[in-house]
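Undergrad: Residues per chain, in single letters:
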Amino acid sequence: MPLGLLKYGLSREYPAPRYFRDCTQPKKSYDAVIIGGGGHGLAAAYYLAKDFGITNVAVLEKGYIGGGNTGRNTTIVRSNYLTPEGVNFYDASVKMYEDLSEELDLNLFYSTRGHFTLAHTESAMRTMRWRAEVNKHVGVESYVVGPDEISKACPQLDIQCSGQAPILGALYHAPGSVARHDAVAWGYAKEADRMGVEIFQMTEVTGIDVKSGKVVGVNTNKGYIETNRVLSAVAGFTPRITDMVDVETPIVIHPLQACVSEPMKPWLDTILVSGSLHVYVSQSSRGELVMGSSLDPYEVHSTRSSLDFVEGLTTHITDMFPFLSNVKVVRQWAGMADITPDFAPIMGKTPVEGFYLDAGWGTWGFKATPISGKTMAETIARDMAPDLIKPFRLSRFEDYELTGEKGAASVGH
Amino acid sequence: MKLLQCPINGIRPLSEFTYGGEYRDMPDPDTCTDKEWAAYVHYRNGAPGLKKEWWYHGPSGTWFIAERDTMTDKVSRTYIAGQEEKQ
Numbered sequence: 001m002p003l004g005l006l007k008y009g010l011s012r013e014y015p016a017p018r019y020f021r022d023c024t025q026p027k028k029s030y031d032a033v034i035i036g037g038g039g040h041g042l043a044a045a046y047y048l049a050k051d052f053g054i055t056n057v058a059v060l061e062k063g064y065i066g067g068g069n070t071g072r073n074t075t076i077v078r079s080n081y082l083t084p085e086g087v088n089f090y091d092a093s094v095k096m097y098e099d100l101s102e103e104l105d106l107n108l109f110y111s112t113r114g115h116f117t118l119a120h121t122e123s124a125m126r127t128m129r130w131r132a133e134v135n136k137h138v139g140v141e142s143y144v145v146g147p148d149e150i151s152k153a154c155p156q157l158d159i160q161c162s163g164q165a166p167i168l169g170a171l172y173h174a175p176g177s178v179a180r181h182d183a184v185a186w187g188y189a190k191e192a193d194r195m196g197v198e199i200f201q202m203t204e205v206t207g208i209d210v211k212s213g214k215v216v217g218v219n220t221n222k223g224y225i226e227t228n229r230v231l232s233a234v235a236g237f238t239p240r241i242t243d244m245v246d247v248e249t250p251i252v253i254h255p256l257q258a259c260v261s262e263p264m265k266p267w268l269d270t271i272l273v274s275g276s277l278h279v280y281v282s283q284s285s286r287g288e289l290v291m292g293s294s295l296d297p298y299e300v301h302s303t304r305s306s307l308d309f310v311e312g313l314t315t316h317i318t319d320m321f322p323f324l325s326n327v328k329v330v331r332q333w334a335g336m337a338d339i340t341p342d343f344a345p346i347m348g349k350t351p352v353e354g355f356y357l358d359a360g361w362g363t364w365g366f367k368a369t370p371i372s373g374k375t376m377a378e379t380i381a382r383d384m385a386p387d388l389i390k391p392f393r394l395s396r397f398e399d400y401e402l403t404g405e406k407g408a409a410s411v412g413h
Numbered sequence: 001m002k003l004l005q006c007p008i009n010g011i012r013p014l015s016e017f018t019y020g021g022e023y024r025d026m027p028d029p030d031t032c033t034d035k036e037w038a039a040y041v042h043y044r045n046g047a048p049g050l051k052k053e054w055w056y057h058g059p060s061g062t063w064f065i066a067e068r069d070t071m072t073d074k075v076s077r078t079y080i081a082g083q084e085e086k087q
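Those sequence lines, one after another, are chains A and B. For the record, in the first sequence the residue sitting at position 140 is 140 according to our numbering, with numbers rising by one throughout. For the record, in the second sequence the residue sitting at position 26 is 26 according to our numbering, with numbers rising by one throughout.
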């Protein structure tokens with residue numbers, strides 16, 4: 001790579017290749033259309049091309065790629081969930097992430113840090129033990145640790161949390177990692193484009209054409225596109241898309257906010273989460289503390305951020321790390337999280353033939369990017385969902401077979 | 001600080017209120033189909049727009065209805081359920 005950099009330095013023109021072609025006008029028809037150019041949609045396009053040779057695919061993005069929840073999450077990758085179906089699914093994703101930089105030929109800054117979910121109450125300890133046992137059962141490295149081990153891994157943490165909520169222990173999850181989230185979207189876009197997938201930015205879907213229960217095309221602000229397979233991977237915009245095809249879902253949209261501090265020298269090399277204090281924090285490769293909290297308490301379709309959020313979050317952060325009281329928050333933002341009643345995604349087929357759903361990603365979507373792309377690609381190519389995502393089918397609600405996932409970031413214990 | 005009009009107590013800070021979800025008519029469990037009941041239990045109208053919602057004022061224990069645009073987060077009016085006409 002240093003030699004490559006030298007080439008950049010000596011060239012009169014900027015020699016860096018584009019990551020993907022600058023597509024402007026879609027063709028008349030495609031084998032599949034993917035709505036949403038975030039990590040999930042681009043990953044699905046990549047695996048459609050790579051695993052199934054389906055390259056006549058358009059990815060339609062109403063903004064710019066990775067500009068939605070892919071670029072708004074707190075970049076944590078982990079698999080220490082509560083239900084066996086959840087743990088199996090996210091574990092498959094973590095394993096794919098570990099090799100992804102190599103596969104996409106792009107440094108994703110994937111950094112395995114270890115992940116502590118702190119417990120401040122006996123009932124939270126009980127949930128941690130439960131999660132540890134489920135994790136061990138399916139072969140994921142998670143175990144319960146005491147305050148001493150937490151202090152050893154993170155000496156800066158006030159175990160008493162300023163006396164407000166003393167830490168009794170934690171669920172330690174060794175594979176817990178962080179990654180550069182926009183690089184994930186760009187890496188998938190680059191490789192999908194190389195195999196022939198066309199990516200259209202600033203292209204909004206305005207309607208989906210359904211004839212006798214089958215998808216036949218989509219209307220966009222750049223004209224009509226014929227296709228009989230459509231994947232919706234639009235996170236917070238899902239209800240607007242499902243309304244176009246009259247598919248009912250339990251999804252409601254709540255904003256999820258996050259913020260970063262000013263950059264500091266590296267001092268926090270693990271990822272810390274506290275369900276009781278509604279905080280998760282890690283230090284990015286730029287030195288900023290990346291901090292997130294639980295969902296905003298009511299439905300809003302907007303990405304405005306609020307002072308209430310920073311006040312609440314920083315109160316809890318300074319309980320954990322009193323010395324951060326002098327550190328400034330430099331940036332805050334929000335994403336629109338598509339929440340399901342059982343805190344698990346909705347993936348697979350729908351009552352409309354050819355309309356596939358990859359939604360309900362709430363606060364747990366980024367970590368699932370590779371595996372959701374791979375399994376949704378298989379669902380589209382074979383018109384059948386693989387076993388791994390069958391528990392997440394849309395019809396589970398009508399069958400009263402909800403998953404009972406409580407390992408999500410938005411759930412307090 | 002965001003504010004909300006409680007129909008009993010007037011304008012109060014939003015932190016005193018709890019969101020209770022969209023106002024929906026319950027189908028008759030004796031006559032509706034299993035599918036209709038499952039839809040009532042689980043499915044929601046998730047698209048943005050002007051919605052009738054349940055809100056709860058904690059300190060006074062008041063449940064009431066707010067009409068709110070979920071896109072702009074602007075509340076157009078609030079009233080006690082069933083007393084809409086008196087407003």
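If you're looking for bench data, these hints aren't it; they were derived computationally from the structure. Here the structure is a predicted model, which is why all the values come from computation and not from measurement. Among these hints, one or two may not hold up.
Said to hold, decoys possible - Just so you have them, the derived chain A footprint on chain B, three or more residues with Cβ under 8 Å: (1) 42-48; (2) 67-79.
Unchecked claim - Covered stretches of chain A (in silico footprint by chain B; criterion: 3 or more residues with CB under 8 Å from a CB of chain B, positions within the stretch not fixed): (3) 242-256; (4) 287-299.
All C-beta atoms, glycine included, are put in the ideal place defined by N, C-alpha and C.
Undergrad: Within the region 287-299 of chain A, is the number of residues with a Cβ closer than 8 Å to a Cβ of chain B three or more?
TA: holds (count 3)
Undergrad: For the region 242-256 of chain A, do at least 3 residues have a Cβ located nearer than 8 Å to some Cβ of chain B?
TA: It holds, with 8 qualifying residues against the three required.
Undergrad: Taking beta carbons only, do three or more residues of the region 67-79 of chain B come closer than 8 Å to chain A?
TA: Per the Cβ count (4), the hint holds.
Undergrad: Does the region 42-48 of chain B contain three or more residues whose Cβ lies closer than 8 Å to a Cβ of chain A?
TA: Since three or more residues must qualify, the claim that chain A covers the region 42-48 of chain B holds, with 7 doing so at under 8 Å.
Of the numbered hints stated above, none is contradicted by the structure.
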